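> Protein chains in written order, with the UniProt record's numbering: chain Y, 1 to 441; chain L, 1 to 441; chain G, 1 to 441; chain W, 1 to 441.
Do not rely on the hints blindly, as some may be mistaken.
Stated by the list, open to error - With a straight-line cut-off of 25 Å between C-alpha atoms, the simulated SDA-like cross-links for lysine to any residue are:
#1 G:K214 x L:L140
#2 L:K68 x L:L140
#3 G:K285 x G:F273
#4 G:K420 x W:K167
Just so you know, these hints were derived from the structure itself, not from any lab. Given the structure is predicted, the values throughout are model-derived calculations rather than measurements.
What follows is the residue order along each chain.
Protein chains: 4
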Amino acid sequence: MKKDGLKIAVIGGGSSYTPELIDGLIRYYDEFPVAELYLVDIEPGADKLKIIGDLAQRMIDASGKPIKLHTTMDRREAIRGADFVTTQIRVGMLDARSRDEKIPLLFGLIGQETTGAGGFAKALRTIPVILDICREIEELAPDAFLINFTNPAGLVTEAVNKHTKVKSVGLCNLPIGNKMQIAELYDVDQRDLYIEMVGINHLNWTTKVVIDGKDQTQDFLTKIAGRSGFSMKNIPDLEWDAEFITSVGALPCAYHRYYYMKEEMFRELNTTFQETGKTRADDVKEVEAELFELYTQPELVSKPPQLEKRGGAYYSEAAVQLMKSIYNDSGDIQVVNVRNGGVISCLPEDAAIEVNCVIKSDGPHPIVLSGELPPQIRGLLQVVKAYEELTVQAAVFGDYHAALQALTIHPLVGDEQLAKSLIGEILAQNAAYLPQFAKND
Amino acid sequence: MKKDGLKIAVIGGGSSYTPELIDGLIRYYDEFPVAELYLVDIEPGADKLKIIGDLAQRMIDASGKPIKLHTTMDRREAIRGADFVTTQIRVGMLDARSRDEKIPLLFGLIGQETTGAGGFAKALRTIPVILDICREIEELAPDAFLINFTNPAGLVTEAVNKHTKVKSVGLCNLPIGNKMQIAELYDVDQRDLYIEMVGINHLNWTTKVVIDGKDQTQDFLTKIAGRSGFSMKNIPDLEWDAEFITSVGALPCAYHRYYYMKEEMFRELNTTFQETGKTRADDVKEVEAELFELYTQPELVSKPPQLEKRGGAYYSEAAVQLMKSIYNDSGDIQVVNVRNGGVISCLPEDAAIEVNCVIKSDGPHPIVLSGELPPQIRGLLQVVKAYEELTVQAAVFGDYHAALQALTIHPLVGDEQLAKSLIGEILAQNAAYLPQFAKND
Amino acid sequence: MKKDGLKIAVIGGGSSYTPELIDGLIRYYDEFPVAELYLVDIEPGADKLKIIGDLAQRMIDASGKPIKLHTTMDRREAIRGADFVTTQIRVGMLDARSRDEKIPLLFGLIGQETTGAGGFAKALRTIPVILDICREIEELAPDAFLINFTNPAGLVTEAVNKHTKVKSVGLCNLPIGNKMQIAELYDVDQRDLYIEMVGINHLNWTTKVVIDGKDQTQDFLTKIAGRSGFSMKNIPDLEWDAEFITSVGALPCAYHRYYYMKEEMFRELNTTFQETGKTRADDVKEVEAELFELYTQPELVSKPPQLEKRGGAYYSEAAVQLMKSIYNDSGDIQVVNVRNGGVISCLPEDAAIEVNCVIKSDGPHPIVLSGELPPQIRGLLQVVKAYEELTVQAAVFGDYHAALQALTIHPLVGDEQLAKSLIGEILAQNAAYLPQFAKND
Amino acid sequence: MKKDGLKIAVIGGGSSYTPELIDGLIRYYDEFPVAELYLVDIEPGADKLKIIGDLAQRMIDASGKPIKLHTTMDRREAIRGADFVTTQIRVGMLDARSRDEKIPLLFGLIGQETTGAGGFAKALRTIPVILDICREIEELAPDAFLINFTNPAGLVTEAVNKHTKVKSVGLCNLPIGNKMQIAELYDVDQRDLYIEMVGINHLNWTTKVVIDGKDQTQDFLTKIAGRSGFSMKNIPDLEWDAEFITSVGALPCAYHRYYYMKEEMFRELNTTFQETGKTRADDVKEVEAELFELYTQPELVSKPPQLEKRGGAYYSEAAVQLMKSIYNDSGDIQVVNVRNGGVISCLPEDAAIEVNCVIKSDGPHPIVLSGELPPQIRGLLQVVKAYEELTVQAAVFGDYHAALQALTIHPLVGDEQLAKSLIGEILAQNAAYLPQFAKND
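Chain Y on its own, in the form it takes in the complex (with noise of 0.2 Å):
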């Protein structure tokens, strides 16, 4: 990768995370020198664009690093010769995901940003966004690699292997998270801690612990059963049965909890939703409202610790340092997601998952799973993953076969009228984001 005049690209930089990005380059600055960094949003975020922007410039002006920050609308000049392109889009806006979350709690369901029907009208709406920026990389800047954070990051990097060119890479701050909560728990430091992450994007499993060389995973299991964390800001913090977790052989990620727990978690939300007709996306418009309130600041030079509510902690952390990685060929190992090729045996090769990669410069190599995944793990994912492919088929053509069967067989929903209902009201509801089924009438 060239050693100097490093160019970075952030689509969707009006965002709220932005900040957090801004902290990590600084940061990071000295193994990671980026030259020109390009904030680019659509008109309809012009004003929160102007406001992180400004933000930005002060957290750089600060720091006394040489990065060169540009904000603009012009999506085409930022990606031109990027080395890497970073994505946290919203197809939308909060109002969409506020739909996402509604419609499927009025039929009975989870109603979630990335799992069940909320996670798929979000894929619907983002995929085709997310090429049409993949048709701009291939033009413009077709060595670079493209860092997608949108959601449902899973299936966008299915979407992007499977229908362009572009090297892609999806990541999660769930992974880099539990690694730590683990490193806690054991009060170790992360580097004499080795665990397998194992699955897709948020349906990942951690199945084997390995601390100072020894192979510690039964004691891990017996430490986490009957314990809560382990969970994400934004999913209510249930524990896990210790038998359960004993008959699993491995810790489930936090949004597990939305399919292990469906009973109890549709409980929760739709508790929430029924007493203050709220959802999350209710909650996270008001810690958005107060954080850009709080950016606006002219003496804010830095990222605000209340930053951390918003769910995305670690987002620095984990895009700073898969880019740096590439960037010095550096051989540490994250979990990313990547196309399978073999790894997980039991999905389709062309499959993308979320496993322990080793990042070179030419970006993330998966590493041979340590055993065969058992029955309880393997049968789960089998079925999520046939539901994204059939998503991602929906998504990219707009057809209307492969939504129906995509939902028909999703755990969380598993029956056909209730899909049928399901994709009526998903599709009336975003008509304004889903024209490829439009063309489909």
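Starting from the known structure of chain Y, fit chains L, G and W onto it as the hints suggest.
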């Protein structure tokens, strides 16, 4: 196979289905000349066995075929030197089935004999008994074929294949009925019809229909969309949504309604149960009482037409066809349950599957599929097969953890607390039949 | 398949083999009622076509069957609307075969029509012509089956499957002869014998022998050890070493002698060549001259017994059996060349393989193997198949690099300088027939 | 791994290579602080062990590192509680190697230490001794890593993985030398170079070269075409044909010359042998005599430069790098021999392969390949691996049939009579070292 002195042992010979089998053995006697026929049952079934034995003897006498009939409670005597052992047992009898159907309903879930938590309970009770029978076959008739009609036939076949050396074929009357219905739909002779059935027992798709050498699959899907029919006596005959069938790209089997239409099927079953306190088992008890009443009539010397109501239509057809094709090395194609061995590449090699097989003297040889399974079929098939693997593990070893995971990932349960409650109830209500779990306490 | 007006086009109709085919069509007329039979050839074969056409007409007349015979050089007319197209062509005629056999001998290697460098040269010449025929079938008879008898039949089948949409089956008379010999060895009717043949064309092992339902494989291996026989007219009939056969654990096919006994086979071929200057092609020329002399005799109205010497015994049997089984949707088992599709799991999915298939109206359906191939079979099969993949690539695209690697890894060459020299000579001596390589210069 | 009291047992400690290892242990002492170092040998090697032990002690003394050295013939004492056991044994010593090299030459075949019939004989002698060592490790040091340098390293690794529970890594100095040469060719630091090596021991291709994050594979192939170099001290350094290298699409390893250039390599070896009666073993004997002469000189306190001639350049580098990366959980990438587990999808799961691995405290984790292997690599790799499987079977069980098939399908033999003769001669000349075959007589 030896051409004279053909010996068959029918385990569960006192079943109300037996006259079907006797009828088939008489009809096909010239091609499949049974010399010694043993009907075996256990002490609590002595009365029924007497009635069935007498009827069977009258049927044989009326036919003039030189089949020597024995009724016995000495299972070892029956198995010793047998060429074929068939099983049609019901561990716990209809009372157990009734419990299997009612327990899930109490938790708001489908209660069904072979599917979901009901089928799971039946598998736990049945597999150990079948393995006991297999130990005797290994000792007393190592060259015999086990023709297993006992439900859940797929789970039983997988258990036998994984844990014994017995040559075993699992059999279901659904495929033969399915083919007859398609032949009828097209008004063609069955011999001019070739269909490809793919899946596992009671979760099997018809993926290809060839008539007179022409692939008519698309036409067939159009024809069946929006139709009822293609069901079984024991399954509510809801019609398939036209758009949904198109999106599957194959004809689901009758039992698929429990998955694809789980909401409506639950309502059907639950409404009946709430209104009458009865489930299918209770109806069957009544039918059985009537049948045994009929069977005692000395003037009855053939299977009565009322037997059709029992759900076992084509049973004799399926069982006798299979045995006579093995006996005669026929090389014809039948849909039976066998070890996968790579035929369905997305399932484990040692899984039991239900597919087209060429029947030769050394048993069934699966035929390679005409194409890859699409994700909508693959995903559902994989998760249910993973459930089956775990259930076999639970049934054979009394492995509670496997049981917990089995129900947790089952599409009709899908929640670990629900799974735990169901298992608690199943173990409590079936304690007398589940010694393998007692051992592990 | 349409039940009247059955039309067959025989490409290479002027072949001396054709009377075999005519004989078969007459004998099986009642089950396979050919209405229109086209014998097609090219200008240089006009005389032969005339002789064959006249004889064929006399045979048909004598039989009284209402087959309408056409001889033509208009290939398109022959193919248009055909139900079956068979090919039995020899690009470059026997002179080319003679060169194929002699070039390798000059380098100290086995020179043989279908194996090693000779078969490689034949593939380069033949595949492009067959693909031309396929283009016409795609246009003029898209529903027709191509029954390919043209050697190297496995390579041709793989090329057709990979590069056209034609429904194609590759056919060889070796399997049918092999089965006849085994039936004879055991003095049983072929119908009581089931054998499993596994491999690729001309590299096929008999891995299982079942007689009357009993697995007799071990007994069979003992019987054949140290025997000659099980060969073909065109292959020196060296006997198999007893210990060696035991170590293979299967019966190799006749052509395996070129691999397993390559030293002795080379000496045989080379001694004859050194002493007489002749190879098999020269013998065949003489046999052909005699045959055509015979064919011109007006009193000849049936295939003459001398035809057997030609090496094509059972040819009509194999070809007509296959076509009539497709026509009648017979469902019997035949060994033919088809797309792998996972049957031989250690070979690529899209490789052409030669295995037991059930013949239905939509073509052959491979039967799953009864077990894993042992390493001694697997290793040889894999390297020869890799050679075939490269050869198909070379033949279709005139890819010199693929050609160089094909011969370098071939077990009968195995050296890159030798491969280079051989290819140089083959390209030089076959320049008129290899336009695909000229293009790439 | 325990951070103090690190114990290493070196089986075959009297080898002339040992000073290399001592040198490495001293140089890397700070990162890999060996406390106890056992050099073990057998009675006939007592004199050599004395000389080596004395030199090693002088080297350690000169270094000032607190490594405690033991020389012993009590292997159990050395192994008990060891952290690492390394082996560098030569069963039958150089006389046996000399026979291995000469027997094939007498049959007109390449005679080489690790390849072809020579390597086969070495495997038969060596594997049983290594398995004996493994039994002691299982008993006395079950957590130890076996670092196996003994040739044929791939075959030994496969035998250990299949037949013991020992954690084993097979090691060769070829990959490290290969990487150094490529770094030199491009004049870059090794740290800026990433290469992908794929294959099995001594049959390994460099399929990808990345420099500073740019894929330079095509450029690299152009550069190496027509060059000599990239060889080893013990292999004639014939240059690669430019067109041939292009057609491979990868850099073959030095040992590939025995396959790809088998004719010329045979001539080289045979000419020397005919002229001098000597093979490489005889040269090595002379070098060894000189080395031991040097080693006895009291003033020698470091490894002498003459050791490089011995063919084991980078040996200490490879061995110490591996052990210290395991010890320190480094996570760097090294090319070692491990269980396949699906990395090379065209080889069996349990085959030993040689690929890029991430070295962690629990051993090597293979990295997924960047693409499918092309047929020219796949075919050769598969047939040689099948030979290896059969050879392991032959070596462990004294299975003559496996031995016969192993050599019959080996690309450098390829004829069953030749295989039989070779095995006869090998068994006769090695009778004292092959008790497993005596048992089976």
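> Are the Cα atoms of K420 of chain G and K167 of chain W separated by 25 Å or less?
45 Å, violated
> Straight-line Cα separation of K68 of chain L and L140 of chain L no greater than 25 Å?
20 Å, holds
> Please verify whether K214 of chain G and L140 of chain L have alpha carbons no more than 25 Å apart.
18 Å, holds
> Given the hint that K285 of chain G pairs with F273 of chain G, test it: the Cα-Cα distance must not exceed 25 Å.
15 Å, holds
Checked against the numbered hints given earlier, the structure breaks only hint 4 and satisfies all the rest.
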